[in-house]
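Participant: These are the residues of each chain, in order.
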Amino acid sequence: KQEVTQIPAALSVPEGENLVLNCSFTDSAIYNLQWFRQDPGKGLTSLLLIQSSQREQTSGRLNASLDKSSGRSTLYIAASQPGDSATYLCAVEYADSWGKFQFGAGTQVVVTP
Amino acid sequence: SAVISQKPSRDICQRGTSLTIQCQVDSQVTMMFWYRQQPGQSLTLIATANQGSEATYESGFVIDKFPISRPNLTFSTLTVSNMSPEDSSIYLCSVSEGYEQYFGPGTRLTVT
Numbered sequence: 001k002q003e004v005t006q007i008p009a010a011l012s013v014p015e016g017e018n019l020v021l022n023c024s025f026t027d028s029a030i031y032n033l034q035w036f037r038q039d040p041g042k043g044l045t046s047l048l049l050i051q052s053s054q055r056e057q058t059s060g061r062l063n064a065s066l067d068k069s070s071g072r073s074t075l076y077i078a079a080s081q082p083g084d085s086a087t088y089l090c091a092v093e094y095a096d097s098w099g100k101f102q103f104g105a106g107t108q109v110v111v112t113p
Numbered sequence: 114s115a116v117i118s119q120k121p122s123r124d125i126c127q128r129g130t131s132l133t134i135q136c137q138v139d140s141q142v143t144m145m146f147w148y149r150q151q152p153g154q155s156l157t158l159i160a161t162a163n164q165g166s167e168a169t170y171e172s173g174f175v176i177d178k179f180p181i182s183r184p185n186l187t188f189s190t191l192t193v194s195n196m197s198p199e200d201s202s203i204y205l206c207s208v209s210e211g212y213e214q215y216f217g218p219g220t221r222l223t224v225t
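Protein sequences, first through last, are from chains A and B. Following our numbering, the numbering of the first sequence begins with 1 at its first residue and continues without gaps. Following our numbering, the numbering of the second sequence begins with 114 at its first residue and continues without gaps.
One or more of the hints may lead you astray.
Simulated pairs of lysine to aspartate or glutamate, DMTMM-like, Cα-Cα distance not exceeding 25 angstroms [claimed, not checked]:
#1 LYS100/A <-> GLU171/B
#2 LYS68/A <-> ASP200/B
#3 LYS68/A <-> ASP177/B
#4 LYS68/A <-> ASP96/A
#5 LYS120/B <-> GLU210/B
#6 LYS42/A <-> GLU15/A
#7 LYS100/A <-> GLU210/B
#8 LYS68/A <-> GLU213/B
#9 LYS1/A <-> ASP139/B
#10 LYS68/A <-> GLU199/B
#11 LYS100/A <-> GLU167/B
#12 LYS100/A <-> GLU56/A
#13 LYS42/A <-> ASP84/A
#14 LYS42/A <-> GLU171/B
#15 LYS100/A <-> ASP39/A
#16 LYS100/A <-> ASP67/A
#17 LYS1/A <-> GLU213/B
#18 LYS68/A <-> GLU3/A
#19 LYS42/A <-> ASP124/B
#20 LYS100/A <-> GLU213/B
#21 LYS42/A <-> GLU213/B
#22 LYS120/B <-> ASP200/B
#23 LYS120/B <-> GLU199/B
#24 LYS178/B <-> GLU213/B
#25 LYS1/A <-> ASP124/B
#26 LYS120/B <-> GLU213/B
#27 LYS42/A <-> GLU167/B
#28 LYS68/A <-> GLU167/B
#29 LYS68/A <-> ASP124/B
#30 LYS68/A <-> ASP27/A
#31 LYS1/A <-> ASP39/A
#32 LYS1/A <-> GLU171/B
#33 LYS120/B <-> GLU15/A
#34 LYS120/B <-> ASP139/B
#35 LYS120/B <-> GLU171/B
#36 LYS1/A <-> ASP96/A
Keep in mind the hints are simulated off the structure, nothing from the lab. Computed from a predicted structure; not experimentally measured.
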C-alpha cells in the first residue's frame with residue numbers, strides 16, 4: 001500500500017529558528033512531490049514542487065530536498081517567522097497514479113514571537 | 114498558475130438533504146479533482162473528473178453519494194447526496210497545470 005507519512009505531527013519553535021519538516025513515502029516510483037501550506041479554515045497554497053528527476057528546489061527561505069531511493073523529502077524553512085505558523089502538507093504523485101496526489105497528515109507548525 | 118474559485122464557501126445543511134458545490138477555473142484544464150478533508154484529517158481524493166467522460170471514483174466513494182458533472186473544460190460540480198453528519202468536511206477541487214496541482218479555497222460543509 002502506498003503511503004505518505006509526515007513527522008513530526010506538530011512543532012513549536014521560537015522565532016528565528018530554522019524549521020525542518022520531514023516527509024516519507026513508501027514507493028520510490030514517483031512523478032512529483034509537492035509541498036503545500038494550509039492556514040486554518042483555508043485552502044492549500046503551493047510552496048514547492050520537486051519533479052522526480054530533481055534533488056531539490058528553493059524559493060526564498062524555503063528549500064525542499066528529495067531522495068527517491070530512501071523515500072524521503074525534507075522541507076527547510078530558514079529563520080522562521082510567526083507568519084510561518086500553519087500546517088504543512090506533503091503530497092506525492094505516484095508513477096502509477098498520474099495526476100493524483102496522495103497526502104500526508106501534515107505537520108502543524110507554531111512559531112512563537 | 115491556475116486560479117480556482119468555489120461556491121459556496123461554507124454551508125450548514127440538514128441531514129438527508131443534498132448540496133451541490135461548484136468549482137470554476139480561470140483556464141481550460143483537462144483534469145479536475147475533488148478532495149475531502151474531514152476534521153483534523155488530511156486530504157483524501159474523492160474522484161477525478163475529465164470533460165466528456167464519466168468521473169473516476171476512488172475506493173470508498175461512489176457515484177450515487179457523490180455525483181460529479183464536468184460540462185466543459187473550466188467548470189465542475191460535486192454533489193454530496195443524502196447527507197449525514199459524517200459528511201461534515203471541507204471539500205476542495207483542484208487542477209493540474211504543468212506538473213503542479215492547484216487548489217480552490219474549499220467549501221466547508223456542516224451537516225446537522
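Participant: Please flag the earlier hints that this structure goes against, numbers listed from lowest up.
Facilitator: 2, 3, 9, 10, 24, 25, 27, 28, 29, 31 and 33
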